[in-house]
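Spelled out from the first residue to the last, the chains are:
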Amino acid sequence: DGGITQSPKYLFRKEGQNVTLSCEQNLNHDAMYWYRQDPGQGLRLIYYSQIVNDFQKGDIAEGYSVSREKKESFPLTVTSAQKNPTAFYLCASSRPSGAYNEQFFGPGTRLTVL
Amino acid sequence: GDSVTQMEGPVTLSEEAFLTINCTYTATGYPSLFWYVQYPGEGLQLLLKATKADDKGSNKGFEATYRKETTSFHLEKGSVQVSDSAVYFCALSDRKNTGFQKLVFGTGTRLLVSP
Numbered sequence: 086d087g088g089i090t091q092s093p094k095y096l097f098r099k100e101g102q103n104v105t106l107s108c109e110q111n112l113n114h115d116a117m118y119w120y121r122q123d124p125g126q127g128l129r130l131i132y133y134s135q136i137v138n139d140f141q142k143g144d145i146a147e148g149y150s151v152s153r154e155k156k157e158s159f160p161l162t163v164t165s166a167q168k169n170p171t172a173f174y175l176c177a178s179s180r181p182s183g184a185y186n187e188q189f190f191g192p193g194t195r196l197t198v199l
Numbered sequence: 354g355d356s357v358t359q360m361e362g363p364v365t366l367s368e369e370a371f372l373t374i375n376c377t378y379t380a381t382g383y384p385s386l387f388w389y390v391q392y393p394g395e396g397l398q399l400l401l402k403a404t405k406a407d408d409k410g411s412n413k414g415f416e417a418t419y420r421k422e423t424t425s426f427h428l429e430k431g432s433v434q435v436s437d438s439a440v441y442f443c444a445l446s447d448r449k450n451t452g453f454q455k456l457v458f459g460t461g462t463r464l465l466v467s468p
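Residue numbers (the working numbering), protein chains in the order written: chain A, 86 to 199; chain B, 354 to 468.
These are calculated hints, taken from the structure and not from any lab test.
Where is the CB? At the ideal position from N, CA and C, for every residue including glycine.
Any given hint might turn out to be false.
[Unchecked claim] Label-pair restraints from in silico Cβ distances:
(1) 399/B x 195/A: 19 to 27 Å
(2) 101/A x 368/B: 48 to 56 Å
(3) 406/B x 92/A: 39 to 47 Å
(4) 354/B x 92/A: 31 to 39 Å
(5) 424/B x 92/A: 38 to 46 Å
(6) 368/B x 102/A: 43 to 51 Å
(7) 395/B x 168/A: 25 to 33 Å
(8) 436/B x 115/A: 33 to 41 Å
(9) 416/B x 87/A: 23 to 31 Å
(10) 429/B x 88/A: 25 to 33 Å
(11) 379/B x 87/A: 32 to 40 Å
Using the sequences and the hints, build the whole thing.
See the structure below:
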């Protein structure tokens, strides 16, 4: 079955550490996205990538970094510069981006800073 | 900028009750509209979508009609089940000149259905 996998499901980090969240898709989608979800808020876009070796900042990119070396993979690094990283992180992908294409979401990674 | 407003939850219903979750939007162009559902501890799944005015999206007994005159996309279901308990997100797509589909989400509405 095609889909999006995210790992780990739960991640704990000490303050001052960088952590990397994995996102892999086998849907052959060109576009990939990272969102952050906080209680009582909608999803907010961190970074997106429309094609391999290219990515753009979303609405809340500060303290995060990404890479897109392969079509299937779009890892997100939460750096120590992110002031409030505890949240639920969702990765998504879509076909060549267009207004009518739905985004497919992974199961998410819950990051907790201790 | 574009925005989506949903009714605050939780919405608490008994099984077989009628469901309405209100969603209104603000957009400068002609967005596509979506409802996503999130079950506990999981990612989002697309429930239904509508791409132009007067379109009706439907899936699994849920329906929503794209109303341009009222800028609304209310979610309805005639008879809810316990298994429908989840968080429902209304969203719109904002296609920038570059063709990038940015999704703008509402804050989500939690639905709790009791037996």
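Checked hints:
In this structure the hint that residue 399/B and residue 195/A lie 19 to 27 Å apart at CB holds, the actual value being about 22 Å. Taking 48 to 56 Å as the suggested C-beta distance range, the pair residue 101/A and residue 368/B conforms, at roughly 49 Å. The hint said 39 to 47 Å for the Cβ distance between residue 406/B and residue 92/A, and at roughly 41 Å that hint holds. Separated by about 33 Å at the C-beta atoms, residue 354/B and residue 92/A satisfy the suggested range of 31 to 39 Å.
Taking 38 to 46 Å as the suggested C-beta distance range, the pair residue 424/B and residue 92/A conforms, at roughly 39 Å. Distance hint check for residue 368/B and residue 102/A: the Cβ-Cβ separation is about 46 Å, which falls inside the suggested range of 43 to 51 Å. With their beta carbons about 27 Å apart, residue 395/B and residue 168/A fall inside the hinted range of 25 to 33 Å. Between residue 436/B and residue 115/A the Cβ separation comes to about 34 Å, which falls inside the hinted range of 33 to 41 Å.
For residue 416/B paired with residue 87/A, a C-beta distance near 27 Å keeps the hint of 23 to 31 Å intact. Taken as a hint, the range 25 to 33 Å holds for the pair residue 429/B and residue 88/A, whose Cβ atoms sit roughly 29 Å apart. Between residue 379/B and residue 87/A the CB atoms are about 35 Å apart, so this pair conforms to the stated range of 32 to 40 Å.
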